[in-house]
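Q: Start from the sequences, fold in the hints, and give me the full structure.
Reminder that position 205 of the sequence shown reads as 204 in numbering that gives the first Met the number 0, one-by-one numbering, no gaps.
Hints were generated in silico from the structure; no laboratory data involved. None of the hints are false.
Label pairs and their computed distance ranges (CB to CB):
{"hint": "1", "residue 1": "Ser198", "residue 2": "Gln168", "range": "18 to 24 Å"}
{"hint": "2", "residue 1": "Glu187", "residue 2": "Lys208", "range": "21 to 27 Å"}
{"hint": "3", "residue 1": "Lys97", "residue 2": "Glu202", "range": "14 to 20 Å"}
{"hint": "4", "residue 1": "Lys151", "residue 2": "Lys26", "range": "34 to 40 Å"}
Within a straight-line C-alpha distance of at most 25 Å, the following computed SDA-like cross-link-like pairs (lysine to any residue) qualify:
{"hint": "5", "residue 1": "Lys35", "residue 2": "Lys53"}
{"hint": "6", "residue 1": "Lys3", "residue 2": "Ile132"}
{"hint": "7", "residue 1": "Lys35", "residue 2": "Tyr75"}
{"hint": "8", "residue 1": "Lys142", "residue 2": "Leu105"}
Idealized CB from N, CA, C, for every residue including glycine.
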Amino acid sequence: MGKKYIIFDLDGTLINSIERNRDKIVKIIGEVDEKKINTAKYILSTTSGMPLLKQLEIIFDHNQNIDFQNLKNRIYENLQTQALGEVKFFPGTIEKLKELSNNYKLFITTANSTRFAKEELKKVGIENLFEEIIGSENVLKGKEHIDLFKEKSLDENFCRHAIYVGDGQRDREIAMSQNITFIHIGNEQIDIYEIPDISEIDEILEEIKKL
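A: This is how it looks when you write it as structure tokens:
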């Protein structure tokens, strides 16, 4: 079965921004309710990959007095305007993405905002390597993102021809729910395909080609 597409998660897979962003999100949550700081730290660390809007609803127990959409937008604006230059791509990532773009059509799905993702990719000159970059400010990360990628590809068998690369449990769940081959970024030894970072993806891709 030929693979034509690779879908990448962003935070924790291509760039190392999770800890920095998490601290900023917790700070803003603390400004809303300082009693939720510890809860926020726990939820944000255990639900990596879940859309921010959903995380906020859990942290605040679906409190109807809180405008979660407004709070989410406030957080995104903060992340976009403060110290974006601190974001770093994992070693070897940029070069590997350039190589992969010669043989696959690449996509980005992120629980962060589209603007944030595009700005970070543009800074290192690789925004144009991707067919589509979708954040979660309007459409939550999950099946909806996959459907948009499928629409862009004009391929009815998109999921059969795709590979999903991510570091979180949410990434795994999305891939499995859509019957997409999943490559886990990590060292947990719980997935069929697992690598420490995408610079080592070639061997796994060769294995997948043999299926």
